[in-house]
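Colleague: Here are the chains, one letter per residue:
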Amino acid sequence: MTAPPPLSGRPLSRRAFCAAAALGAGALAGLPACAAPPAAAPVHLVVKLPRTGHTVVFDDSIKQMETVVQAMADDFQQSYGRPVEVEVVVFEQNQYDNAVVGAFDTDKAPDVLYGDYFNISTYVRTGRVAPLDDVVTPAIRNDIFDHVWDMGVVEGRPYLLPYLTRQNVLAYNKELFSRAGLDAFIADGEISAWSRDEWTRILDALAAELPRGTFPLMMYAASSQGDTHIMTLLRSAGSPFYDETGHFVLSEPEGVAALRWLQEGVGRGWFPPHAENLEIEDCSSLFRAGQLAIYMVNNASITRYGDTVGLVNFPGPDEGGCATSFASGFQVFDNGDAEKLAVAKDFLRFVYEDGRWLDYAAGALPASRRVAERYGADIPSYELFRANAANVWDFTGNNPDTRSVRDVFYTGIHDLLMGKLTPEACAAYLDEQCNARIDEGWAESRLHE
Amino acid sequence: MNRGRYIAIVAVAALVIAGAAGVYLAQLSATVSGNLMTSVDEISRHDVESIEGALDDAYGRLDSVIKRMDVYEVRDVHEAQEQLNLEAASSNLFNALYLIDDTGVLYSSSYLVMEAGEHTYDELIVDGRDRFVTLYDDAMGRLETTKESLLFGVHLDDLRIGDHTFVGLLGRSDLSAISKQLVIESFDDQGVSSVVDAEGYYIVSASPATDLAGRDNFYTMLEEGSIEGGVTLEDVRRNIAEGESFVINCTTGAGERLVMSFAPVEGTSWSFIMAVPTEVFNQRFAPFIALTAGMLTAMLVVVGIMFAVILRSVRQSMRARAEVAARTEFLSNMSHEIRTPLNGIIGLNHLMERHIDDTEAMRGYVGKLGKAAQYLLSLVNDILDVSKLQAGKVELVHEPFDAAALIENVCEMQREPMEARGIRFEVSCDLPRPHLVGDEVRISQVLMNILSNAVKFTPEGGTVTLTAAEMVPGPGRTATLTVSVEDTGCGMTPEFQRHIFDVFTQERNHNSESQKGTGLGMSISYLLTRQMGGELAVVSELGSGSRFTVSLPLPVDGAFAEGEASALAADAAAAGSAPAADAAASPAPDGRPAASSGDGPVEILVAEDNELNADIIASILTEEGFSVTVAADGEQAVAAFEASPPGHYAAIFMDAQMPVMDGYAAARAIRDLPRDDAATVRIFACTASTFAEDRARALDAGMDDFLPKPLNVGLMLQKLAGIREGGRP
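Sequences listed follow chains L and B, in order.
In terms of my numbering, the first sequence is residues 1 to 449.
In terms of my numbering, the second sequence is residues 450 to 1178.
In isolation and in its complexed conformation, chain B is listed as follows (with noise of 0.2 Å):
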């Protein structure tokens, strides 16, 4: 899947979340207002009912002083007055009472006497109402305060005192006093409760006035400030005179938004309101968002980590997949490729069989013997490199070494082939200080890779171009030693080009069964050059060509730093011309004394548990004229020496691993031997463990070289022959 397609599968999950948030949120909202405004509603009925309880309260007292009038037999108006006077004073609700007499004459209790004529109060009387409360306006007649105060009334049935007949009573208090009986819940301190009348003045407010001069008006408040959705202030009015409840937002003109609610008190033309900040809604909301989004993220987290893991569960599967596949590949490409040397082998071995006799095709069939042989070896030295550079076991030396004679000889390496097949070799060598420190044989072989490669794929009348430079930035300074190799050759797709330096894909390189090799090659190289802080890079196109590039970062020799390097040179050359009977005549480099040469053949004493490998190499040593001694263990190997005559032995051939003593332990002994040649001695490790740190542990057991099996019996016999000579090999 590509990366497009990643970011829009994502980008669509994101806007799914998204909206699907925006919904739940937006119901969570609409949840949330629904539940706050039914705790609004819940209050204002609580709130509406105890208002009503505190009128019926005041009504009932109303209706007791009447009962008590009769009580007491009041006989005419003043009497009647008196009555009523007392019963303010011991009232703890009304100011103030009045009878209104059926020609619309109000009498207080305190004596005050008002025609039809100077008030209006009557007509609260003859509106057909029993009950009824009102907020006091000196419109209506001016009274004794100047107080803000609500008036109660009752409508009597023609009550006959003396010679009058009343009509109704009313009972005056003070809004201030009564405002503890008409106390309200304001929503937790959040809201502000209040009732207005139709007028809009406060019956009930936050910060009451006590004087008619300074009572607030709820529609001022309304016109100083707005009302949303369309709602006008006209419509509030109505549907307050009208007893409707409703719901309206608004902002103040202090510019608080507010959301209010408004329930009629039954019986009057009150509304009661209650306003509660918008603030308060979204703060109720602002948990659950809260809440909601870490929830959300929290699921997205998990999500995201579920698929994560699922990916990478995926992925590894894929890569384990397809690295079995691949090693099962390259396992059978192994199997075919040694398979096929081995079918080889088999059938040389019976062609030899059947022509024993026939110098000549013995001569061919050995000829091809060695060559599947040799294959066989190079395919497990590269199998044995990619396992050990893979395990990181590979262990790299820091030599000097001359960077300009390791390229020719690579070059020199491949000039026959190249010649052979018709290829033309180019070489641009521009290493103006060659002696370097490194792994010689490693770099070696990471540029005979690509130079073999280059040879094997370039095709006939091709040509190969190899071009050494290198930057030095300094005395003493690490060299950046770049070797590029390009070819004319078939070249490689760019998906090829990507798994090129992969193991296991290598062989699916198909190009290469028509070639020899391993295939491993670029891996080993590749892998190597890493290792040595270097990079290995490929540039190619199908049917026109590879070029591979090695750079390596390697320290200049410091031997032959600025100054010196000629002195050296003209030493090494003067030690090069040394005369051969000099150096036969003198003893070894090292002081040690030649092995005896005398007129008998060479003594060497072979350990070796094998007895095939012992017959073979004893067989290439005695027709090379050696004389050998084969001992069968390290046991009989420490024997046969310290049984010999000083001397006797010019070297040891010393298999690693042995029964009874191992070679290492039986070179130990030997060169702990109290004789003068235990130390000189040359020995040989002969061994199948040919990592860097069998060669250390050979050498630490007191060993002179090593001699890897499979015999190279060419180099085998050329560091016999200096031994043969006198001298070290």
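Bound conformation, chain L alone (with noise of 0.2 Å):
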């Protein structure tokens, strides 16, 4: 760490941070406050987010984001020149369409929805989240970086305010590389880029050394968990994903050629047997019990495994690979309550004009361009990850629905793995399933006026 923190010199536990937080608010609310009107009733504001790990790299006792939006909630009511009531919800990660759909017409209906963009960019094609036009000002704007700031602009117009993103590379176990006589592949200091060719000469070594009970790569289909992997893995032989309009296009020969990669290695032993009954957890498990050779971490987790373990792209369509990149930020739902509107905009211009909230993405990769070259040095591999960007692809698509996508998705890569469709069946059955969903998502699609 070589930046001081933004609230304290040295690092503050969770309870001295929020009392800090709130302290400092109340200070800063004074005068604000005293020119409200003293009998006004105060705006209901709620706001939710799914239950999340965060770390932040100056202030160790931050576990769970929700910490962080808490604490941001209590300072806006502070600090905000009229009486405000900020309530934040946390939910489980299954419970999203429960606690934002499910809650629309009640008093429980979100305000501000902090997530994940590949879950909540769905919500904006509901008409319910509004444009942040008028919240973004030019700072906010030039503050954010480019790549991440057009994952939030849909038609032109931003509905999501980026906060942090978390990039998504695979490690890979230098011990059983070396048990393997895959040396040559270990490689510190650098995301390494195999070619397709590569890729099945380490895997099949892999298969063939490693001890029974250790398996060479990750893979599950289970449950919607294991899309973004095998999304990336699909690129491996070339093929675009998605053609110009975003629709899946993986019957052509470079999807399909993938995909009978992916089918072929099943019987090559280089996933755990029956994998596509595993989910993310089991793998993830078994790489860190030294079970699995290869597996997915993002900028953050890697931290877990100090230099046990080397870094790759994916495979993908050109010598660099192919990295995922998860966004992660802020929506605003209009709930026919202008006021209520207006209040939880003001919350995000809060959070995004007052440069403290913002360093608390450093932990993740940063959305604020100032916040990551305050704690550039002090993040994990930040510079490795930074380079990294030009290699990372948006695997939603920008597609109007991508939670219904990754719905469909699973099943014909669950079905693939147990050998019940061919690679061309497979094909087939995911362009037509994904491609109905994104089509039903154009149709229903409704953005706020």
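Rather than coming from a laboratory, the hints here were simulated on the basis of the structure.
Think of the CB as a built atom: it goes at the ideal place given N, C-alpha and C, for glycine as much as any other residue.
Some hints here could point you the wrong way.
List of simulated lysine to aspartate or glutamate pairs, EDC-like, C-alpha gap at most 20 Å [what the hints assert, rightly or not]:
hint, chain 1, residue 1, chain 2, residue 2
1, L, Lys63, B, Glu531
2, L, Lys108, L, Asp97
3, L, Lys63, B, Asp587
4, L, Lys420, B, Glu531
5, L, Lys63, B, Asp665
Here are some, though not all, of the chain B residues that point toward chain L, as calculated from beta-carbon distances under 10 Å [unchecked claim]:
hint, residue
6, Glu531
7, Met563
8, His948
Reconstruct the complex from the two isolated chains, following the hints.
Modeller: Shown next, in the form of structure tokens:
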């Protein structure tokens, strides 16, 4: 850590962090609070977010993103120029729809939602998510990296304000690689990129050399959690995956070849047996236990492995390979109450105009250039991942309903791994089913005026 | 019973009712609470049985996995893990399955191998239980999930697969995934059911977390609130750990008061908790309170009405009995009062027969006979007056009269008896406007009763003071005539004062027995005064005397308004001073021709069906120099008049009730006769019907005047004297 944390000269405990935030906010809020009408009823703002692990380079006490959002809410509540009650509601990762759509037209409808783009971008098309042109000042816009900014823009207007990103690459177990005679591929201080042939050779070697119960490559398709890395792997034979209209094109030869490559991997022992029944957590556990050679990590999670792992991009259509990126940020919902909508936007202005709260993105890859510059040196492998940004591929394809696509995508892969579908049949199935969801998404799409 | 005793009885009754209601409501509350707790217990028992059934089902599924291992002839641990993988994939209960060998190594359905030192799940196997379930806690070793999960386990009897001996099989289930299988009722949605383990973590809750990071703890919730009845958090913790069933009352950190019922789940360290807001108990109890209060109120109202009806009935009965007693006493007194003069009359009649030739004795007897007869007359008049007043049949007349003259007349009538008894009589009269409108006769009657009463009860040498005053607000307004009569007599007791105006209790005044009179005078005066809109009040002190004050609102006579009074007085004086000769020579003031007076006696026609009365009146008139013709009924009277020469009869005495033709018809018939004197002959109604309406009926029939029976001979002769002199009587 080379720069002082924004709130304290030393790391704060969670409790101290919240208290300091409240005290600071109270001091800042003095004048506006005094100017507020004394009898005005407070505006009740509901801010929702899924339970998400999060670390901050300058505050070891923070383990969950909800801690940060709650502190933002407390600060805003104290310093806002009129009475406001901000209720922070945390929901589980698998309860997005219940927490958002299920709460529409109730007193728990979200006014502000923080979440991962591939989940919350779906709600932009409900017509409830308000565009944020009036929130975004030139200073805010210029502070956010372009490639992150673009992920929140729909039809030219910003509907999501990015807060941070996580870049996903693959990590390999150096010891298992050595045991399989693959020392030549082990490299420190870089994110490697192997050709498809190299990948095939490495995976075959691992399958042959690793002991029973230890497996070469992660694979899981028991739920929609399996989409990210598999979608990325399907570009390995040169498939663009999406055409220019944002539709799946896996039935083209490159797509079928990639599917075949995966299916053949089952027989060649690249994956744990019956991987179609596994979850990402299963592979994570195997990787941590040294029973899996290659697993997906992001810039935040690699710290837990130290130097026991090396990094490599997914096999891609070009030499650099592929990485994926998850952006997380905020949405504002218009629930029919103009006053609450205005206060919700003020909440985002408060977060993005007050640099302190953007600082708490420093742990993942900050969306803010300023925060990246300030804390980049403290963020593990920041420069590696910054340099790898050129290889990042947006697996969501900017389609209108990513979550629906994910819900059917894994079923095709599940059947492919089981051998129930040929690569061609699987490609046709995925194109048909996923494109149908995309078309339905466009048909039902309704942007907020 | 005095007012204080009534209040005391009502207060005691209210206290008894309140106490009974309190005891009843307390008992009712306990019963309702007991019933609710019974319901809570029943639901808890049902829910606990459901949960225990779900647990047994999970254990059975684990047993089936082991059986299928044998069926599929699994040869080594890797094949066993693959088999577990397929079992987990096909299970709708387990997300993962784990075998634990006798060295403590754990093998998962996702191929994870955890050495004995990396976890403590083997401790679940070696604690001697064949079946167990526990909430997943990564403190025992991190498995392939971060979600809240349950770990079901069965003990294996040294299952041999390859070169491994397995001692236990675990099944992991996401808590959110199995929540439907552990779904529990929640007391009509008014309570919250949950299951916690011994550490207080929720197995089932209203808002379950799906991630270990978000799970809540029951004990934390209790710590944030408070427990009633001296129960501590440690008590709760110990009871749950020991598998006790118990109930606590607590208040959450948010201030909600709850009743919590705990029941152990068999075969686990869990406790089922049914939390019902205290408000629910109050809500269940409220209708009973309302119902009870309503019924109690209704009962009290009914009892009150019954009590009032009974009281009223008793009072009416008592009043009726009192009135009957009083009436009986009154009748007895009346009988006595009537029989006394009758006895005198009979006795005098006997004496007169014995001394018929003794003129001096006869004079004395006749005088006494007259007094007895007068007393009887006054008695009958009083009784009739009371009867009419009570029946509301007294019709007051509203005619001008001179109040000063009225009072003077009344005083004058009592001067002689007062002088005879040596009573000093003082009169103070201040009446600036004496000419008023009212019923002169009735006012005289009232004042006469009061004054004569004072005379009766004032001893010799005493004083009676009459004070008359008048208050006139202004010209044309109603004056208030106030006459006060104060005596120095024997006075009255306060008790008697309260009843002095009662009709039937009046006669209880034994003082009156020594006095003449019916004793109804005060009742009549009181009733008359009230009917005239006035007040009659009495202030008396026993042994010192009494003061009766009568106040009457009477309109001022407009004819004697300010400025005219003197002129009218002058006219009256002038009229009164006209020479008698002129009056005799002049025609009657109403233009009627005077009856024949000539040298012969004045002719009087008497229509009377009662022969005795006819004889008496004929004798009296004959002795006074009149010539009398008697007709036995109205028809004969009309015939006699019709047959007489014009102007023959100076007057007709017409009885009202006669056979063949009554007096009213006869009078009309005479007035209708085509002769000059038919309209002018003076007709006197002579009747025992003396009510005002009787008088009015007679005048309507064309009669000129009214002579009530028994006849006042003096008055009758006074009226006839005018006729004899050729003028109006």
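Colleague: None of the hints should be skipped; say for each whether it holds.
Modeller: Hints and how they fare:
1. Between Lys63(L) and Glu531(B) the alpha-carbon distance is near 35 Å, which puts this suggested pair outside the 20 Å criterion.
2. Our distance criterion of 20 Å between C-alpha atoms is met by Lys108(L) and Asp97(L), whose separation comes to about 13 Å.
3. Restraint check for Lys63(L) and Asp587(B): satisfied, since their Cα atoms lie roughly 16 Å apart, inside the 20 Å limit.
4. Pair hint Lys420(L) plus Glu531(B) holds up; C-alpha atoms about 19 Å apart against a cutoff of 20 Å.
5. For the suggested pair Lys63(L) and Asp665(B), the alpha carbons sit about 17 Å apart, so the restraint of at most 20 Å is met.
6. Restraint check, Glu531(B) versus chain L: the minimum CB separation of about 5 Å is within 10 Å; hint holds.
7. Contact between Met563(B) and chain L, as hinted, is supported at the beta carbon level, the nearest pair being about 7 Å apart and thus within 10 Å.
8. About 72 Å separates the beta-carbon of His948(B) from the nearest beta-carbon of chain L, more than 10 Å, and the hint is not met.
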